[in-house]
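Okay, so the sequence shown: first residue is 89 according to the numbering used here, each after it adds one.
Treat the hints loosely; a few may be bogus.
To be verified - With beta-carbon atoms standing in for the labels, derived distance ranges:
#1 Ala-243 with Ser-135: 38 to 48 Å
#2 Asp-98 with Ile-178: 19 to 29 Å
#3 Ala-243 with Gly-128: 33 to 43 Å
#4 Leu-240 with Ser-135: 41 to 51 Å
#5 Ala-243 with Gly-97: 44 to 54 Å
These aren't lab readings, by the way, just hints derived from the structure by calculation.
Just so you know, even glycine gets a beta-carbon here, dropped at the ideal spot from N, CA and C.
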Amino acid sequence: MSSELIKIGDFARLSGTNLRTLRFYEELNLLEPASRSNGGFRYYRPSDAHRVHLIQNLQNLGLQLDQIRDLIAPSDADGRSNSKPWKERIDHALAQQEDLITERMRFLEVQRKEIQAARAKLAQCGQCNTQPTTENNFCEPCALTGDSLPALLAALFH
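Starting from the given sequences, assemble the full structure and let the hints guide the process.
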């Protein structure tokens, strides 16, 4: 066995995950150990951690594990070699990941603007004596400006 191979426990720590997740990824054909000992122990290359991180990143972007498998698998569901050349598949996977990141950034930007609007409104609240609760909605519309509350604040007082 090559000295650069790592036992599954050490690899789990290196890749920031756990044994159960690594075995689950293997069941789904997302990750394959580089080798197994006669006793069945799994061994990984240090570079396999990059694949684990890619899987985790794609999950964080909202992809399901079966989608990730289809995206990064070298073969199709029937086990036949994927018809696209490897370079094209990788470029396609990276383009999809970039699209997902762009979409997520747009969503986060909308959330950021909603938070900014809520905070700006809260800054005005210091000039007002009204104390809203969930039982009353004295702040809708705002007694100072007559404007509706930003969505994040309006949701607190219904």
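So, going through the hints one by one against the coordinates:
Between Ala-243 and Ser-135, the C-beta spacing of about 46 Å keeps the proposed range 38 to 48 Å intact. In this structure, Asp-98 and Ile-178 meet the distance hint of 19 to 29 Å, their C-beta atoms being roughly 28 Å apart. Our hint of 33 to 43 Å for Ala-243 and Gly-128 is violated, since their Cβ atoms are close to 53 Å apart. The hinted range of 41 to 51 Å is satisfied by Leu-240 and Ser-135, whose Cβ atoms lie roughly 44 Å apart.
For the pair Ala-243 and Gly-97, the supplied restraint of 44 to 54 Å holds, since their beta-carbon distance comes to about 45 Å.
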